[in-house]
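K.L.:
What follows is the residue order along each chain.
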Amino acid sequence: MNVIIAYLTTMFSAYPQTPRLLEAKAELQGMMEDAYTSLIAEGHSENEAVGRVIRDFGNLDEVAPVLGITSELAPAIAVGEQPAPPAPPRHPPVTLEEAKGYADAQHRIRFRVSTAVMLFVLSPSAVIALPVAAKTGILPITGDAGVFIGILTLLVLAAIGVVLIVTTSRETGAFKRIEEDRFSANPEVTRWAASLAAEHDTARVRALQISIALWILAPIPLIAFALLLDDSSQGEFWTVIGVVLVLAIVATGLGILLPRTWAQSTLDTLSRGTSGDGLPADADEDERSIVGVIAAFYWPALTAIFLAWSFIGNAWGTSWIVWPIGAVLFGAIAAGGSAVESYRRARR
Amino acid sequence: MISADAIRGYVDLLVLSLLRTGPGYAYELAQRINTISGDDYAIKQTTLYSAVKRLETTGLVTSFADVSPTGKPRTYYRISDAGLAYFDLKVEEWNSTKAVVDRFIHETIEGATP
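Protein chains in written order, with the numbering used here: chain Y, 1 to 348; chain V, 1 to 114.
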């Protein structure tokens, strides 16, 4: 029922809050409440009931003349009610049905996506820790075996992550045109998505606070081990464990945050069509999507390499070279990513 | 399924005809319209709300506060004498509209067959 009230509030937020309007809002809310209650009594699920009530709501612009207000909104396209306006060369507006399906899909895949990202972040752990564990004699294996097992673990974890991501495309496949920005925004859908995002915003903000706190605190074990332990091989091993802990804490933060951002990212995606005319605005978005994903793994990995090399090899004098090399390499990767993306776009 | 545009001029008639049998509140009216229409027409809540408000402004129905069967306070609508008279007028108008449209349809069909 909260979703319905939030929906109604957002719909009315575009109009002045006169007593007559508040009365209309209360009565429409009563109608929606009755419809919701009777759908639930008929045995429909809560999601189904909310979906049907919102579908049967209609269009607030229709009420405006009765209440003596003229709508200052662009005419909203009512679902299945009015024929689409004669189409200028732009993509057809996204419908409420599509938007709901898309939001549902995002909701279903949220744990798969976050697990995959966590696996990507954790994948270098073994290759960082095992060779040192072997060298210091904590594990009864040779250094080479440590490297081998480490690389094997990295590849297996990355493969699991990729498989998880690939399975999500089955869910989102039907909404390709939304993901590829081939739609124009529909005010009604944007309002609905905004109320959905508002509904889940408390959880998202809390998750964001927790994960940011975790990310800030992540290097503490590493710094503590490096400073407090001596230079013995035990100390060296613990320093490496510290690096692995950084990855683990970063991954935990992502695991907490990512499953709770689906409603907000649905809103971002659905209101993005506002530009709608396929101008360079969405070229930037695409570039951000590919290069952004690479950057999310690249920079933490580079930091891990820098710290590992510096601490283990005690190479503070030379390890800074990681940064200029890393930056140039990232520039190349970003350029490559955009080139691939624009090539793909040109073929569409 | 009848489109909202096709039935627009007659939503007031549907509401008045339901209110002739006794007062009702908005959701109940929408529910009865949908039951009687079956799969042919589903009224949107904003369409029904605009209709009752329009009828109230023109004095064809009056409203009063009461409690629904589920115990919720709801605005009930009752048809006025003017509303009853208007209903008869609208029914007459509908009959002649139907007759005129039918005449065209049949003329055209007869005209088309040699």
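These are calculated hints, taken from the structure and not from any lab test. Treat the numbers as computed from the prediction; the structure is a model and nothing was measured. Glycine included, C-beta positions come from ideal geometry on N, C-alpha and C. Check each hint, because a few of them may be wrong.
Said to hold, decoys possible - Some residues of chain Y that are not near chain V, with every Cβ distance over 10 Å (derived):
id	residue
1	G30
2	A35
3	T37
4	F57
5	N59
6	L67
7	T136
8	R170
9	L208
10	I241
11	S271
What the hints assert, rightly or not - Computed cross-link-like contacts, DSS-like style, restricted to lysine-lysine with a CA-CA straight-line distance of at most 30 Å:
id	chain 1	residue 1	chain 2	residue 2
12	V	K90	Y	K100
13	Y	K25	V	K72
14	V	K44	Y	K25
K.L.:
Does each hint fit the structure? Answer for all of them.
P.N.:
Okay, the hints, checked on the actual structure:
1. The Cβ of Y/G30 does not lie farther than 10 Å from every Cβ of chain V; its closest approach is about 6 Å, which violates its non-interface assignment.
2. Against the 10 Å criterion, Y/A35 falls within the reach of chain V, whose nearest CB is about 6 Å from its own CB.
3. Annotated as non-interface, Y/T37 brings its C-beta within 10 Å of a C-beta of chain V; the closest such distance is 7 Å.
4. For Y/F57, the non-interface assignment is contradicted: its Cβ lies about 5 Å from the closest Cβ of chain V, within the 10 Å cut-off.
5. Residue placement check: Y/N59 does not keep its beta carbon more than 10 Å from all beta carbons of chain V (closest about 6 Å).
6. At roughly 7 Å from the closest C-beta of chain V, the C-beta of Y/L67 falls inside 10 Å, breaking its exclusion from the interface.
7. Distance to chain V confirms Y/T136 as a non-interface residue, since its nearest Cβ pair spans about 71 Å, more than 10 Å.
8. For Y/R170, the condition that its CB be more than 10 Å from all CB atoms of chain V holds, with the nearest at approximately 32 Å.
9. Distance check on Y/L208: its Cβ is at least 36 Å (rounded) from any Cβ of chain V, clearing the 10 Å threshold; non-interface status holds.
10. The non-interface label for Y/I241 is consistent with chain V: the shortest C-beta to C-beta separation is roughly 61 Å, beyond 10 Å.
11. For Y/S271, the non-interface assignment is confirmed: its Cβ lies about 23 Å from the closest Cβ of chain V, beyond the 10 Å cut-off.
12. Restraint check for V/K90 and Y/K100: the C-alpha separation of about 40 Å exceeds 30 Å, so the hint is violated.
13. With a CA separation close to 16 Å, the supplied pair Y/K25 and V/K72 stays within the 30 Å bound.
14. Among the hinted pairs, V/K44 with Y/K25 is consistent with the structure: their alpha-carbon atoms are about 15 Å apart, no more than 30 Å.
Violated hints, listed in ascending order, are 1, 2, 3, 4, 5, 6, 12; each of the other numbered hints is respected by the structure.
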